[in-house]
Amino acid sequence: MLKYTVRRFFEMLLTIFVIATATFFLLAAVPGDPLSDRADRLPESIRENLYRKYGLDKPVLERYVITMKGMLHGDFGESVRMPGYDIQKLLQETLAPSARLGLQTIVVGVGVGLLLGILAAMFKGTWLDYIIVFFSVLMISVPTLIFGLLLQKYVAGEMGLFPIIGWPSGEELWFGGWAYTVLPTLSGCFSYIATYSRLLKTSMLDVINQDYVLAARAKGLSEPQIVRRHILRNSFIPIITVLPMSIAFALTGSFFIEKIYAIPGFGRYFIESVQSRDLSIILGQTVLMSIVYVAVVFLVDILYTLIDPRIRVGGKA
Amino acid sequence: MEQAADNRFVIIGCADADKEAIARPTITYAQDAWRRLRKNPIAMASIVVLVLMVVLVIFGPLLCGWEYDYMQPTLKNLPPSAEHWFGTDMLGRDIFARVCVGGRVSLLIALVCTCVQVVVGCAYGGIMAYFGGWVDNIMMRVIEVMMSIPYLLVVIIVMMVLDNSVPSLLVALCVTSWCNTARAMRGVILQLKSSEYVMAAQSLGAPARRVILKHLIPNTIGILILNTATSIPNYIFQESTLGFLGIGLQPPNTSLGVMISLGQAAMEFYPLQLIFPAAALVLIVLAFNLLGDGLRDALDPKLRK
Amino acid sequence: MGEKLLQVQDLRVSYHTYAGEVQSVRGVSFAVEKGETLAIVGESGCGKSVTAKSIMGLIQDPGEIKPGSRILYEGRDILKMKKREWRAYRGEQCAMIFQDALTSLDPTMRVGKQIAETLRVHGRAGKAEAAEKAVELLRRVGIPNPERRAQEFPHQFSGGMRQRAMIATALACDPKLLIADEPTTALDVTIQAQIIDLMKQLQRELGAAIVLITHDLGVVAGIAKHICVMYSGKIVERGTSAELFYHPRHPYTWALLKAVPRLDLKNKQELATIEGTPPDLLSPPAGCPFCTRCRYCMPVCKEEMPPDTDFGGGHQAACWLHDPRAPKVDAPFVVRKEAGGI
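Protein chains in written order, with the working numbering: chain X, 532 to 848; chain R, 11 to 315; chain L, 2 to 343.
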């Protein structure tokens, strides 16, 4: 197990390195550079200084070596778009809003989704099941984007129930300012509700047909006891393997919701950086996100062996 | 009377003909799945909706009589009327014609990306699983890297490097699309690979190509169909995302995403300009999702009785 | 003696599928006396498992127990019981041993806990006491090192051990009736014998009645007092074990006996098989269901279901060959000298 963990760790490092390299050259392949809009109108000498400041005067390969060396020390370089900003500072400011939004979305979305999934599976074939199925299909058929826009327009704009844009800051960064968070959370959680209710329902229906459920019934367990002790336990296995991925995804920001509701989060800055070709920030954010993803995939692997006893011993499935 | 009764008590043994007559006609997997799909009213309705959509996006602009990029500066932001069924936008263009043309892009994306996903995904996954060892290892790493780079970044960069035309949009959406399929195929094929019938084919000296084409692909078709059914809505969503961020198609080209983005700007006063393209998008995606559900139920061998 | 514990009367079970109604069990009646073992023998799909599930009340949605069927347990019709009464009956009065212990044990729950579960839900023991009793039960069914084994998961057990654990689960509440649905089918031959021996021993000790369901006549020989031979949803022959092995009366029983591998035959005689497949229960034949595969088939067999012919001592067979009008046919092979000598 230790050997496996160590090997996986080095593989992770390699993957992150490859991702950083690929991102760097992808960005280098884009015609033009982040300064061209701004610098074209400036006098020659100032322009050269500006290019030198960001190291853009050097050939690509040399820049690559410099960037990689910097990366080792966690230095991705200064933002071109927002002078004075580097990735650490950006992270400090944007991670909290994104993380709060992500956590709220996950808690509400996954919680409601699982509840609906259990109901749909237990009342399979009744009107309750059909309603849940109908809404979950509808929820995954409407893009988050459109949910966000419509909720903003009607619930915030027309009815005036919640603020149209904005996000709590300062002391209310983590707790408080709930009114601002309701609509963004709501817009984001629909897709999770749909995904998780469907996933759990499928998984439960699969488990319900297993022999050990019949055996539990033959032992004299009541239906609620069977669901609680045997069905849920086993049907959560696929859920738990997907959940960390969802959490990683949510924590690193939901691009559209942050953009629609003007939330100063990680995702919104990512889009803006990409649009303005802010090389150092893009690279920094990409590497950060890939670290999170790769780490989560690793975590899921470990987690899986802990939950499912069949895999725990020597990989005998 | 006595005689007749005796005739009935003569041993005749079992006749072969009777054995045959008892057996029910066997139904192939595809026939069975199709029969089950046909019995599913929701899935059939989705097919009808999709067919109607295809007809509409092709012939819609002809029906209403407007060109999607014809501007009438005097007729801006009109509400729906007999003349302009869905009204006009801020440049006086007919929204119905534009929704049709936008829908055309969405359906084209669904078609092309699916084809690329299936062909590349199968080939890649098949090669990975078939050869195994270091080939598999390296190819798997490539997928891992591609899937770890934020998809949005890849798509945006491709759109930047190329131009903002429909073909480059297709390329951008297809770049990483096949990764999931390739992984799924690899998994299924690895399972099948250890099965006895493939071993039998191999021991008979069938070449690699033949084993993949004749044995593995037919057995993985169900998973493939499901995989594509779930990814089609994703493609359509992704296009609308790009349009919304302003990195998708550029005028005069249009798509539902571009229209949703324009609609957002006009949302304050003319919400219908957002709602029509959004509704068209939701309808297409809903139909694909419901069809996908129907296919999943129809193809699930566990439901086969 | 002779007190009836379980009586099944005219049991009919159908499954509703897209193709129509599959009549899995078509009027089966039998009785089990206290402490005795009854075996139900037949090939796959003959309805024996469905019969077992009916006794446990485990027939579910697409399946339906037809009105008119009666299952009396200690004189009470269990088909009319309420949900709560069912729960008290299952596991406590009547327990079931399933065919495949690997899939019948919850993979995510420790074996000891699964055994203790039966005791807990019937309020027989507290948590600690139930855990102790579970270890005791594991020891009783012959699992070495039961304290450690109780803490393990099913996949860590071997096939035979899993089946022993399954039996321990069933025995937890000392049920009066044990239903064993193909308990040995998934096991190696040597393990099969061990499991059968274990069941015999436990029956002696506990005095429970057993309904043993199997397709293997060899398994039945040493343990069952009465045997019912089922074919295509009906009991075609019944009788004591000795009667059935010495004087089988139905051509299907003949065929089954011939299909049992035997060591006492001289040459390397090929093992007999029964040609063809059982009839489709979607549209069961009007006549004898075995007629399409029977070497002694007569025209009447295809037209009318044969009545039961009584041979005394509870031995009955449903075959037209025993009609006075039919030609006399001898059993087509030498019946072995000793019952149970397989």
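Read the hints as simulated data drawn from the structure, not as lab findings. One or more hints might be untrue.
In silico DSS-like pairs for lysine-lysine, Cα to Cα no more than 25 Å straight-line [to be verified]:
1) X/655 / L/67
2) X/655 / R/86
3) L/67 / L/5
4) X/534 / X/584
5) X/655 / L/303
6) L/329 / X/655
7) X/684 / R/86
8) L/303 / L/329
Hints not upheld, ascending by number: The structure conflicts with hints 2, 4, 5 and 6, although it agrees with all the remaining ones.
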